[in-house]
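Peer 1: Chain by chain, the residues run as shown.
Number of protein chains: 2
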Amino acid sequence: MPGVAVPQEPARRRGRRRSGADTREQVLTAARAAFAERGYDGATVRHIAERAGVDAAMVHHWFGSKDALFTASLDIPLDPAAVFPELLHGPRDQLGERLVTRFLTLWDATGGAPLASMLRSVAAHDDAARMLRDFVTRVILTRVVATLGPDQPDLRAALVGSQLIGLGMARYVVKLEPLASADHATVVAAVAPTVQRYLTGPLG
Amino acid sequence: MPGVAVPQEPARRRGRRRSGADTREQVLTAARAAFAERGYDGATVRHIAERAGVDAAMVHHWFGSKDALFTASLDIPLDPAAVFPELLHGPRDQLGERLVTRFLTLWDATGGAPLASMLRSVAAHDDAARMLRDFVTRVILTRVVATLGPDQPDLRAALVGSQLIGLGMARYVVKLEPLASADHATVVAAVAPTVQRYLTGPLG
Chain A
1 MPGVAVPQEP ARRRGRRRSG ADTREQVLTA ARAAFAERGY DGATVRHIAE RAGVDAAMVH
61 HWFGSKDALF TASLDIPLDP AAVFPELLHG PRDQLGERLV TRFLTLWDAT GGAPLASMLR
121 SVAAHDDAAR MLRDFVTRVI LTRVVATLGP DQPDLRAALV GSQLIGLGMA RYVVKLEPLA
181 SADHATVVAA VAPTVQRYLT GPLG
Chain B
1 MPGVAVPQEP ARRRGRRRSG ADTREQVLTA ARAAFAERGY DGATVRHIAE RAGVDAAMVH
61 HWFGSKDALF TASLDIPLDP AAVFPELLHG PRDQLGERLV TRFLTLWDAT GGAPLASMLR
121 SVAAHDDAAR MLRDFVTRVI LTRVVATLGP DQPDLRAALV GSQLIGLGMA RYVVKLEPLA
181 SADHATVVAA VAPTVQRYLT GPLG
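Quick note, the sequences are listed as chains A and B, same order. Letter 188 of the first sequence, counting from 1, is numbered 188 in the UniProt record's numbering, and no numbers are missing. Letter 85 of the second sequence, counting from 1, is numbered 85 in the UniProt record's numbering, and no numbers are missing.
Isolated chain A (complex conformation) (with noise of 0.2 angstroms):
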């Protein structure tokens, strides 16, 4: 699976044995199967743990958590316990600028494949289309604009999931260019603006 950067195991495990990366497999297909089925409430870490047929302890010492599993599930290479503490961290209207740039950075080390299967995934079933609205709701909304504390912090989430989704589909899976090829300070120009607007700026 392509991109996925979950807490690896302990390095002394690497190579002993295969078991260690099939269990992790298990869990990250019990844990797209109980996300897709129940939504992110509604699944719980104890209930994909008995799903993999392993021991809940053993999901939280890999994944650390449920938005992480969720994001891994998702194929999103990305630990929001890490990046999202770094990414409120700084000057409050630079906030855009630094999403974008972690965006860029997060995506353009994996290319378009994972983003690409995402998207047909949303695009064919409900039920990823139902698990990239909670991402949207759990991970925007919840960790970083419900922390900034605006009016329609829902609109807001929404505004920010669509102009990262439509730059991500712009640049790596539609290839359109300039956007495709342009370095990461040409499009940080451009983008970050808008999606420091739909945070903390005016909407109308």
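Hints in this document: simulated from the structure, not taken from any laboratory. Even glycine gets a Cβ: it sits at the ideal position worked out from N, Cα and C. Hints may contain errors.
According to the in silico footprint, chain A covers these stretches of chain B (three or more CB under 8 angstroms from chain A) [said to hold, decoys possible]: (1) 110-122; (2) 129-135; (3) 160-166.
We have chain A; now place chain B onto it with these hints.
Peer 2: Just chain B, lined up with the frame of chain A:
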């Protein structure tokens, strides 16, 4: 085929026999294949007509222009020849507002199905991705941005494309609330300033 607002056959012909509709469908099938294989510039109306086994004059009669045939073949319910003069007419600093309003009117009428279908193809096939690239270049760049004569027209067209693709995904496919159910005034107030800046404002 849902949502394709290509010029209809004259009313007097309707229902008389199926062959008109069948032939139009053959032309669209031939057009999809030709645009996917050769791109917008490489595919000619003459070649498409030959491929469909009809006279090129008939293709012009039905679709009016290569642009219109192209948008119809993409399932985009848009007749560029009718829409763009209307869009470009009016104050330049309200073009973002007119463009977003038109986008919402156009897609609200058909809902998410044609968009989801297009995105599924785009995420799955390079050919479909090329067609959407061509659409942004031909329609947004050539018909809208280039007529405004700003600096960096290619980047501006791609940025407009990114926000509109993302808005379409968020509202109609992912169904991100409250963006999915918001009235036009709310969406336009929030998104039009983004599109306006991408068209005519500073990019960084």
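Peer 1: Please go over all the hints and tell whether each is borne out by the structure.
Peer 2: Tested hints:
Coverage of the region 110-122 of chain B by chain A holds. Counting CB-CB distances below 8 angstroms, 5 residues qualify, and the rule asks for three or more. For the region 129-135 of chain B, the stated coverage by chain A is satisfied: 3 residues place a CB nearer than 8 angstroms to a CB of that chain, which reaches the threshold of 3. As drawn, the region 160-166 of chain B meets chain A at 6 residues by the rule of a beta-carbon pair under 8 angstroms; at three or more, the given contact holds.
Violation of the numbered hints given earlier is absent; every hint is satisfied by the structure.
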